[in-house]
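Trainee: Residue numbers (the UniProt record's numbering), protein chains in the order written: chain A, 1 to 282; chain B, 1 to 396.
Any given hint could turn out to be false.
Chain A residues, not near chain B, derived (Cβ > 12 Å throughout) [unchecked claim]:
| # | residue |
| --- | --- |
| 1 | Ile25 |
| 2 | His48 |
| 3 | Ala100 |
| 4 | Tyr182 |
| 5 | Leu196 |
| 6 | Ile212 |
| 7 | Glu218 |
| 8 | Phe240 |
| 9 | Leu244 |
| 10 | Gly248 |
Pair ranges (Cβ atoms, derived) [what the hints assert, rightly or not]:
| # | chain 1 | residue 1 | chain 2 | residue 2 | range |
| --- | --- | --- | --- | --- | --- |
| 11 | A | Leu118 | B | Trp32 | 28 to 34 Å |
| 12 | B | Ser177 | A | Gly39 | 58 to 64 Å |
| 13 | A | Pro259 | B | Leu18 | 52 to 58 Å |
| 14 | B | Glu141 | A | Ala260 | 52 to 58 Å |
| 15 | A | Gly39 | B | Ser136 | 40 to 46 Å |
Partner residues are not named here, just some residues of chain B that face chain A (Cβ under 10 Å, in silico) [claimed, not checked]:
| # | residue |
| --- | --- |
| 16 | Val65 |
| 17 | Arg66 |
| 18 | Thr86 |
| 19 | Phe88 |
| 20 | Gln89 |
| 21 | Leu92 |
| 22 | Tyr163 |
| 23 | Tyr194 |
| 24 | Asp320 |
| 25 | His327 |
| 26 | Gly341 |
| 27 | Leu344 |
| 28 | His348 |
| 29 | Leu352 |
| 30 | Arg389 |
| 31 | Asn390 |
Source of the hints: derived by calculation from the structure; they are not laboratory data. Note that beta-carbon positions come from the ideal geometry of N, C-alpha and C, so glycine has one too.
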Amino acid sequence: MDDQKQYAKLFNDIDSQALISLGIILASVILLTIVSQRGLNWLANRLHGQVRFRIFALVPLTRLVILIVALAIAVPIMIEPSLRNMVTLLGAIGLAIGFALKDYVSSLIAGMVAAVELPYRPGDWVDIEDTYGEVKHVGMRTVEILTPDDDLVAVPHLKLWDTAIYNANNGKTSLQCVASFYLHPEHEADWVRKALRDVALTSAYLKFDQPIIVVAEEKPWGTHYRIRAYPVDPRQQFLFITDLTVRGKQVLSRAGIKPALLPPDMALEAPDAAGGRRGLRH
Amino acid sequence: MPQRSIKAASLPWEIVALEKFCTPQNTQASQWRRSWRATATWLAGKRGAEQQVKEEDELRLLPEVRLAHLVPPIDWSSAAALLSQTIFQHKLDNEPVVFFITPPHGGHAPIVSHWAEQQSVQEIVPPTYQELTDGSLAWVEHCAPFKRWAIPALERHFLRHSYGLQGVREFLERAFSGRLGHGVIGCDSWTYAYLQHAVGVEGAPVFTLQALEGEQLARYFADIANNGENNLCVYSTRTGKQVLAHPEEDETAHKASAHKELQRLAAHCRGHLGIAWHYWRARLRGPASAKEVDASQDTSQELWLVDALADAELPADTGDVAMLVLHTLLLHGGLEDQALGDVLPFSHHEALNARLALTRQGILARKEDGRWQVAPLSYASVRQLLETRNYLVDPL
Numbered sequence: 001m002d003d004q005k006q007y008a009k010l011f012n013d014i015d016s017q018a019l020i021s022l023g024i025i026l027a028s029v030i031l032l033t034i035v036s037q038r039g040l041n042w043l044a045n046r047l048h049g050q051v052r053f054r055i056f057a058l059v060p061l062t063r064l065v066i067l068i069v070a071l072a073i074a075v076p077i078m079i080e081p082s083l084r085n086m087v088t089l090l091g092a093i094g095l096a097i098g099f100a101l102k103d104y105v106s107s108l109i110a111g112m113v114a115a116v117e118l119p120y121r122p123g124d125w126v127d128i129e130d131t132y133g134e135v136k137h138v139g140m141r142t143v144e145i146l147t148p149d150d151d152l153v154a155v156p157h158l159k160l161w162d163t164a165i166y167n168a169n170n171g172k173t174s175l176q177c178v179a180s181f182y183l184h185p186e187h188e189a190d191w192v193r194k195a196l197r198d199v200a201l202t203s204a205y206l207k208f209d210q211p212i213i214v215v216a217e218e219k220p221w222g223t224h225y226r227i228r229a230y231p232v233d234p235r236q237q238f239l240f241i242t243d244l245t246v247r248g249k250q251v252l253s254r255a256g257i258k259p260a261l262l263p264p265d266m267a268l269e270a271p272d273a274a275g276g277r278r279g280l281r282h
Numbered sequence: 001m002p003q004r005s006i007k008a009a010s011l012p013w014e015i016v017a018l019e020k021f022c023t024p025q026n027t028q029a030s031q032w033r034r035s036w037r038a039t040a041t042w043l044a045g046k047r048g049a050e051q052q053v054k055e056e057d058e059l060r061l062l063p064e065v066r067l068a069h070l071v072p073p074i075d076w077s078s079a080a081a082l083l084s085q086t087i088f089q090h091k092l093d094n095e096p097v098v099f100f101i102t103p104p105h106g107g108h109a110p111i112v113s114h115w116a117e118q119q120s121v122q123e124i125v126p127p128t129y130q131e132l133t134d135g136s137l138a139w140v141e142h143c144a145p146f147k148r149w150a151i152p153a154l155e156r157h158f159l160r161h162s163y164g165l166q167g168v169r170e171f172l173e174r175a176f177s178g179r180l181g182h183g184v185i186g187c188d189s190w191t192y193a194y195l196q197h198a199v200g201v202e203g204a205p206v207f208t209l210q211a212l213e214g215e216q217l218a219r220y221f222a223d224i225a226n227n228g229e230n231n232l233c234v235y236s237t238r239t240g241k242q243v244l245a246h247p248e249e250d251e252t253a254h255k256a257s258a259h260k261e262l263q264r265l266a267a268h269c270r271g272h273l274g275i276a277w278h279y280w281r282a283r284l285r286g287p288a289s290a291k292e293v294d295a296s297q298d299t300s301q302e303l304w305l306v307d308a309l310a311d312a313e314l315p316a317d318t319g320d321v322a323m324l325v326l327h328t329l330l331l332h333g334g335l336e337d338q339a340l341g342d343v344l345p346f347s348h349h350e351a352l353n354a355r356l357a358l359t360r361q362g363i364l365a366r367k368e369d370g371r372w373q374v375a376p377l378s379y380a381s382v383r384q385l386l387e388t389r390n391y392l393v394d395p396l
């Protein structure tokens with residue numbers, strides 16, 4: 001009987017005034033979150049360059065701040081915030097989470113960590129497990145990634161704990177692109193290197209304050225060339241790679257340089273050689 | 001970029017080394033004002049006109065004949081003489097290559113042409129479009145016999161095309177090594193910026209026209225109007241105050257307020273006379289009450305300068321295709337439609353469509369040689385927008 005009274009005392013008396021206050025807090029949180037998230041996304045989507053990424057980075061941070069402030073106001077309304085009460089409440093919550101909502105809450109906590117550590121933010125191009133695309137939204141539980149195939153993939157923040165996250169531009173405007181060329185071994189390598197560099201230098205998408213590197217690698221079937229360069233805007237990466245590839249092929253073909261003919265089994269085995277997604281960037 | 005204090009100069013020209021170029025006072029403030037206006041327009045739609053002392057419907061356009069007297073074309077020959085003097089003073093007569101760069105509409109081509117004429121130096125003929133797209137080096141071979149030569153517009157000697165750099169690279173390599181004797185190269189500042197990255201041109205001395213302050217602009221515009229014989233009174237529609245101070249006026253405060261309006265113009269144009277001249281010519285108006293008089297006989301000296309910086313802005317939400325077209329045109333000092341289609345990474349139809357849309361907005365204008373280029377009145381906002389979007393911009 002005493003224990004029952006003790007637990008009942010954990011919570012304050014929830015009268016109509018307290019209910020109204022909690023309702024107002026809840027409504028304010030929802031309203032402020034929607035307004036800030038939509039407003040910041042709307043603004044960032046209309047901007048370019050570094051400012052765009054800075055505003056995108058504010059999206060999850062703003063939501064986190066709103067939630068913390070709301071909790072700081074709402075908790076003392078519901079419970080007497082003494083040490084004993086807090087330990088009891090957190091213990092009960094921890095038990096429930098441990099058994100039933102482990103992954104869900106783990107994602108929520110990872111979401112908070114993501115808002116502070118910023119391993120990804122809207123506008124970044126990330127590769128998480130097998131999903132590559134632009135981060136469109138960093139939610140409470142998931143991060144939404146729009147792939148080049150126009151699929152919206154929701155990846156739980158949970159992945160943050162044990163998965164490598166590749167961020168291609170990390171909140172900046174520089175994103176390296178790679179265009180690959182597979183050539184027959186009989187050719188003048190120095191000429192090809194210069195010609196491919198000129199192909200990059202004459203691209204309309206090229207960002208000039210970053211280096212252009214042409215890498216040649218000898219393989220059993222021929223030579224693998226890669227142009228590593230940066231587009232003006234990360235969103236232009238596929239157009240940039242296409243432009244480099246199309247014009248690079250034209251130049252090489254006009255010079256009579258033959259492409260390498262890879263054995264079919266090798267083409268299937270090597271994702272780079274098959275022109276896979278990772279092959280575009282690495 | 002450093003900004004300098006206003007100083008008087010008897011001639012509008014001053015040729016300086018590129019690293020000594022500095023934009024006029026208030027250039028940064030002018031850029032912020034432009035950004036603010038673009039943001040306000042974007043957020044609130046088309047902005048309302050600013051309050052004017054004199055409304056534009058109370059004014060009329062000046063007839064071409066009168067404009068030709070009031071704002072005659074810039075005579076670049078005196079700048080060419082100054083270029084000779086600069087080369088002599090810096091003891092660069094025996095330098096293999098000297099660059100002279102200005103922004104679009106800035107006069108590098110006529111100045112170097114005048115210089116070549118004054119010095120009886122041979123001009124190198126630019127390659128044909130076919131030679132550029134084929135990567136032909138024939139035009140470079142033809143330069144071998146010259147001992148002294150000039151290129152008025154280097155932008156006509158290259159193309160941002162897979163084969164369009166070979167000729168200019170070979171030419172500059174020979175020129176820098178001294179195998180072609182001595183030469184002066186006039187070059188668009190955007191082309192210069194591009195070739196710095198694509199070919200490497202840092203080895204040669206580079207000169208440019210120093211930016212003009214408002215006071216120098218005021219003196220220049222007063223001098224060129226009917227050779228400075230008439231007492232021209234130009235009032236600002238924005239402030240109602242005189243824009244040009246007269247030499248006989250001694251009141252320093254009055255002079256300072258008069259130059260303020262043109263300082264605003266100088267800052268907007270980054271001190272480039274060629275661009276300021278276009279603004280001045282496009283914005284001069286006469287009082288509408290004089291319309292009964294035969295236009296060609298109209299000699300009234302009261303003129304108005306319409307709010308010089310309004311309505312020449314590029315929208316902040318301009319798309320990528322338009323930005324690529326504008327950047328390409330600036331890098332090449334203007335291009336024809338065929339060439340534009342060849343150097344852009346999309347179809348000729350798309351390039352033409354984008355070019356037409358920009359022309360309709362008044363952002364592009366056709367030059368006398370048939371090439372399309374960013375219009376002088378749009379240049380400032382186009383340059384600023386390209387810079388904010390991380391495109392390569394010129395050093396001026």
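Trainee: Take the hints in turn and mark each one as holding or not.
Mentor: Structure-based check of all given hints:
Non-interface status of Ile25(A) relative to chain B is upheld: no Cβ of that chain comes within 12 Å, the nearest being about 31 Å off. Listed as a non-interface residue, His48(A) fails to keep its Cβ farther than 12 Å from every Cβ of chain B; the least gap is roughly 5 Å. Look at Ala100(A): its CB is around 47 Å from the nearest CB on chain B, clear of 12 Å, so calling it non-interface holds up. For Tyr182(A), the requirement that its beta carbon stay farther than 12 Å from each beta carbon of chain B is met, with the minimum near 19 Å.
Once the 12 Å rule is applied to beta carbons, Leu196(A) is inconsistent with being away from chain B; the minimum gap is 10 Å. Consistency note on Ile212(A): stated as away from chain B, yet its beta-carbon is not over 12 Å from all of that chain's, at 9 Å minimum. For Glu218(A), the shortest C-beta to C-beta distance to chain B comes to about 25 Å, beyond the 12 Å cut-off, and the non-interface label holds. A cut-off of 12 Å between C-beta atoms contradicts the statement that Phe240(A) is not in contact with chain B; the least separation is 9 Å.
Its beta-carbon lying about 10 Å from the closest one in chain B, Leu244(A) breaks the requirement of being farther than 12 Å from that chain. Some Cβ of chain B comes within 12 Å of the Cβ of Gly248(A); the nearest lies about 8 Å off, and the non-interface call is violated. Under the hint 28 to 34 Å, the C-beta atoms of Leu118(A) and Trp32(B), about 29 Å apart, fit the expected range. Look at Ser177(B) against Gly39(A): about 59 Å separates their beta carbons, and that is inside 58 to 64 Å.
Checked against the hint of 52 to 58 Å, the pair Pro259(A) and Leu18(B) fails, with Cβ atoms roughly 45 Å apart. At about 36 Å, the CB distance of Glu141(B) to Ala260(A) disagrees with the hint of 52 to 58 Å. For the hinted restraint 40 to 46 Å between Gly39(A) and Ser136(B), the CB-CB distance of approximately 56 Å leaves it violated. Because the beta carbon of Val65(B) sits about 43 Å from the nearest beta carbon in chain A, more than 10 Å, this interface hint is broken.
The closest approach between the C-beta of Arg66(B) and any C-beta of chain A is roughly 43 Å, which is over the 10 Å cut-off, so the hint fails. With a cut of 10 Å, the hint placing Thr86(B) at the interface with chain A is violated, because the nearest CB-to-CB distance is about 29 Å. Hint on Phe88(B) is violated. Least Cβ distance to chain A is approximately 35 Å, over the 10 Å limit. Of the supplied interface hints, the one on Gln89(B) is violated, with its beta-carbon coming no nearer than about 33 Å to a beta-carbon of chain A, more than 10 Å.
The beta carbon of Leu92(B) is not positioned within 10 Å of any beta carbon in chain A (closest approach about 28 Å), and the interface hint is therefore violated. A cut of 10 Å between beta carbons decides the hint on Tyr163(B): the least distance to chain A is about 8 Å, and the hint holds. Of the supplied interface hints, the one on Tyr194(B) holds, with its beta-carbon coming within about 8 Å of a beta-carbon of chain A, less than 10 Å. Taken as an interface hint, Asp320(B) checks out: its beta carbon lies about 7 Å from the nearest beta carbon of chain A, inside 10 Å.
The closest approach between the C-beta of His327(B) and any C-beta of chain A is roughly 7 Å, which is under the 10 Å cut-off, so the hint is satisfied. With a least beta-carbon distance of about 12 Å to chain A, the hint placing Gly341(B) at the interface is violated under the 10 Å criterion. Taking 10 Å as the C-beta cut-off, the interface hint given for Leu344(B) holds, the closest approach to chain A being about 6 Å. Interface hint status for His348(B): violated, as the beta-carbon distance to the closest one in chain A is roughly 14 Å, over 10 Å.
The restraint placing Leu352(B) at the interface with chain A is violated, with a minimum CB-CB distance near 16 Å, outside the 10 Å limit. A distance limit of 10 Å between C-beta atoms decides the matter here; for Arg389(B) the minimum to chain A is near 5 Å, and the interface restraint holds. The beta carbon of Asn390(B) comes within 5 Å of a beta carbon in chain A, closer than 10 Å, and the hint placing it at the interface holds.
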